[in-house]
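**Student:** Chains as they are written, first to last, in the numbering used here: chain A, 1 to 473; chain B, 1 to 806.
These aren't lab readings, by the way, just hints derived from the structure by calculation.
You may find that some hints are simply not true.
Chain A is faced by these chain B residues, among others (derived, beta-carbon under 8 Å) [as the list claims (entries may be wrong)]:
#1 I358
#2 D687
#3 Y688
#4 G692
#5 P693
#6 S765
#7 P781
#8 T784
Label-pair distances were calculated between CB atoms; the ranges are [claimed, not checked]:
#9 B/T322 to A/K245: 29 to 37 Å
#10 B/R277 to A/K245: 23 to 31 Å
#11 A/P80 to B/G659: 58 to 66 Å
#12 A/K450 to B/K248: 13 to 21 Å
#13 B/N208 to A/A151: 24 to 32 Å
#14 B/E533 to A/A151: 53 to 61 Å
#15 A/L276 to B/A770: 45 to 53 Å
#16 A/L276 to B/R211: 24 to 32 Å
#17 A/A275 to B/S210: 31 to 39 Å
#18 A/N227 to B/T679: 28 to 36 Å
#19 B/T679 to A/K245: 50 to 58 Å
Ideal Cβ positions, reconstructed from N, Cα and C, are used throughout, including at glycine.
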Amino acid sequence: MSSPLQSELSRRKFIGSCCAAVGATGLLSTLAQLRLIGAAVESGPAPAVLPGVRPDYKALVCLFLAGGNDANNLIIPYDPAGYATYAQGRGALALPRENLLALTRRQSDGRDFALHPAMPELRDLFAQGRLAALANVGTLVVPTTRAQFQAKSVPLPNALFSHNDQQVQWQSSLPDSKLFSTGWGGRLADLTTAFNENNTISMSISLAGQNSFQVGKAVTQYAVSPNGAVQPNDTGGHIGALRVKARRELLNSDDRNLFETAFAGLTNDAVSDSALLASVLGKDAPFKTEFPNSTLGRQLRMIARLAASAPSLGLRRQIFFARIGGWDLHDHQVVAGATATGAHAKLLADVSQSLAAFAKATDELALADQITTFTASDFGRTWTTNGDGSDHGWGSHHLVMGGAVKGGDIYGRMPDFALNGPDDTGRGRWIPTTSVDEYNATLATWFGVKDTDLPVVLPNIGRFAKPNLGFLG
Amino acid sequence: MPRVRSCLNFICLFLGLSTVRGQVPVVASGQKTVVTVTATIAVTDETANVPGQIMVTRDGDLSAPLVVPLTVKGSAKPGVDYQAIVPSLTLPPQTATATIAITALGDFEKEPARRVVVGLQASHDYATGTPAEATVTINDVMPQLFIGQLRPTAEAPESTAYGTATLLLAPDRSRAKITVQHANLTSPLVSAHLKLSSPGAEGSYLVNFSRDQRATFEWGLQPSGQFTTAALQQALERGRIYAALDTKNHPTGELTGYFIRASGSEKFKTPPAPPKRPNEPLTEREVSRFLTQTTFGPTRNEIAEFLHPTPRPNEKPPRPQTFDGWLNEQMSLGASSQVETMRTDFRAFPPKNSRPRINNSNRQVAWWQTALIGPDQLRQRVAFALSEIFVVSDVNDVLANNAEAAGAYYDLLARDAFGNYRQLLEDVTRSPIMGAYLSHLKNAKADPKHGTSADENYAREVMQLFTIGLNELQPDGTLRLGPDGLPIPTYDQDTVVETAKVFTGLGFYSPEPKPNFGGARANYFEPMMLYPEQHDDTAKVIVGGVKIPAKQGPAADLRQMLDTLFNHPNTGPFICRQLIQRLVTSNPSPGYVYRVAQVFAKNGHGERGDLGAVIRAILLDYEARSPDVLGNFGYGKMKEPILQATALLRAFDATSANGRYYLSNTEGSLGQAALHSPTVFNFFEPDYVLPGPLAAAGLHAPEYQLFTDTTAITIPNQLRNFINTGAKPGENVFVLKLDPLIALVPTPDALVDYLNLVFCSGGLSAKSRAVVLDTLAHLPPATTPLERARAALELIVTSPEAAIQR
């Protein structure tokens, strides 16, 4: 009578044993086949590796800029002609050319670009080949031209220019689905969790609470605070120990109403899981790098610690979610007369310093090549200003960072920065020239998803030309 | 159990056979042995839990073995109705008796009882005594029904396919008859199979079946992979076996559905009436329980006032309140207005930005303020329940950007809470907020030139979620089954397509003489207007085959559509069950649903759909009021986390320094916020099954759908934060008034009684009570009275007894 059903202790542990059982049966779907590969990896002899070096580990970090980043001021045309168009088009928002941080690209089409002056750290990472930029990415149902947009002759993403909808669509990669069901990070986790030895602590960890990105079917997202595991808050004070003891006793009473039994069981599971994570994380970070004491800096610092803990948790794949808000800058985006300062510059400086610290910490952990960090945001913003800010746009530039990134380049096609030009839908809301699906597919492929399995993670990928944009090696 | 039984049987057979082979003539010494046969277990049934038993007895000399040949007759067929027995029995030396088990075989048919008659054959070795014949009766048992509603998987979000899988488990659990039907797949079916796992996990394959649109097959629960037959039986009963259909476009699964034990019948039998409740004076516990069901949480004063109302000056002392009287008073109160509260809050606390506008913070303030101090507690509690059936959510940007209109939608629910369901259905359908959420706002008729068709969203959900549900129901909410033993779908995809045409031509209200369907100014407050030129005025066939004639115009179409849904026999039991689930218990008995649904069908004045009468019937029913049901181990429900929070805040009259009822981001800590469901399926679904003992008992546990590894910690943390906030609270931070508790610190028993009454309706177990008292006794002497009060409060508020409403 020893079946896995006997152990009611933890649903999550049960999931793990299911994967192994697949091998015993004949019929395998693509998903099951991938899981089988994962199971085979598990059962093979552990390769002898140097301590700290984990060639079979990979992590993705989604850095979500909530509110819609004005990427028109993240990557700026720098050659004289390009800058002139920029300065004229952006008016009060234009950054002075002399402050810009020029980017030296490995391949150039003759146009030059520069980074916002608040981001010297990222300029350096770009120069070192550890940071790439991706031009004008956005949500698309199918590739779309201006004529098609105007005639509405192709389906367009639901509720363009709307925060919630576009945040969800960036995170689901399903811009034509009316009802949200799963995020692409969740689907990616469902597919790749077979690589993990243990599911006690989910491979999908959010540092910023619930999000759409990590909603999966099999793998649930697990919330961790920037200070560590979310634990019961009754342990402190001079009577903490007594309170904890009593709480445990109250949860361990037997002979109860079934609803009470379930409540006690699930609570006990959750508490023991968080205690496990806390013990694995330990007290001190296993690196010396100092992070900015910002919301983002603290989130990324904890992500580095969680990545370092992956072996103890039995995880070979992790997906993290971090979020920084405040980008919806309809007003006061820049300081009049000193446009390189202001609210937007502060946010970008935080991103630059926090990401640079994260890169340094992953160097210390010898994990730089195995963690790829990428930005995402609701949408870009209008090229033209409303006076002291910008309004909701569409396509937007993004950044990808990590040792595996073929950096020092801008991938994809920059829009034609002309109002009423071929990429404009009005006020410089650029039609994306690269789809979110292509961006995500490139990341998923690096993460270990085979071409044939890509549609499981990104169902619409077949509609676009480039399932791999080439920015990851 | 089955394994043990078949072993015994096997031993009997083995002994019988071997002795026949080694037969030795026995010489009678003196008196001839007399043999008799009796049925020691004369009645068995198709579950074979207790097999029938026949005993053969001899007297006299026991020194030698005795072979007794038997006759086996009767209406029961060996090998079909029961496991065939060897027609002979051997009594070993020194043994006077031996037995034979009659093990019934379960089947799927409805049959009369059958009999196995075992008689003694005449023999030289013994004399046949009396009785010489014994009868075992095998009673019929109906198979157990399990139903899996097939829904699109997460990998197939665009799919509108659906289906039903039914599984009849033979009474002896040895085999199952399965039927799977589906419709509307995106692409050809490539594989169909049963799998085993926890919900949310990728499962193990058990068996493949036919890819026909309707597949019927038998499954023998053969051991598969690591799973034994016993493990498979257990998995089925625990809600862990599901049917999965893989299609060309979705090779990892387009439709799946877990089998859940269901009750259903072909012919309806009226459930028996509940026992009468004795007319005894109310107790504090009963009042607390009632107020837990009807308000956002009882307070000690409310309970006391209920039983011992304060006399008014110069009046006789009033009589204690009654449940009926309390309901009358509550139902006569007008609705608190969220919109008004939002506006007042906005004026008192204007946001500090250049373009201030009423936003979602104001709406959340209005919700919390109303829940905590609104006088119309019952109405607001019902409105909240309705907001979880007629779901709209500010996850949708239209609601997020029109917070005031979202508040108006909530006011609509509160206004209609005790009105007629037909009016509620009309108001919800015409609400531009609902129109924006389920996209029938500006839903144009099909345009063949551009290849567009009517939006099907509202057509589907108004049937599936707001009125009739997916399968035909008996008047008690159990499934109505067809002659084939299967549920009967209420509608199919064709019905959805036809119904979608009814909901075309609804646009923003406009006062213009020639209103423009596409261009009318957004107005999310006034009910949507009907634009005849955008309405599909062709003939339609809707649910139940009802015909809507052509050229009726949009108003008549809509009226006929909503009348049809309102009058559908499903609507009463379907909605009543969910209202019972929100207010009283997750698993009402069919009798409870029936009694309430009968009131939905006809109030005291022959009116259908009187929600006030329905609410009254729910709350005054035997199953809501009688303390007798409290001991049933599947009775009750988990309190929604947001209601756990309101209960705590109300119990101690929580207020903030600036008087504002503001709580940010409760969806993070509690997993819930009013009108913030992640999907149209609410935070949880009425049929959610939590794997494990609850599922094994066949119980639904809706609220557990939002109890995750994360919220299992953040919910009690949030409750403890409320309790332990004090001293230097911020402007917007709630602080509890704990003075009444502190006063009881010198008498720990009274302190625990107080908390037990308010948060557990007196249901704290003796063991839990001892744990709390013991903890209080062991606190160091330096512990302040406030700390003692807080310790007791937090232990009880986060205990299982407080989390579960009984």
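**Student:** Of all the hints numbered above, which does this structure not satisfy? Sort the numbers upward.
**Tutor:** 1, 2, 3, 7, 8, 9, 10, 13, 14, 15, 16, 17, 19
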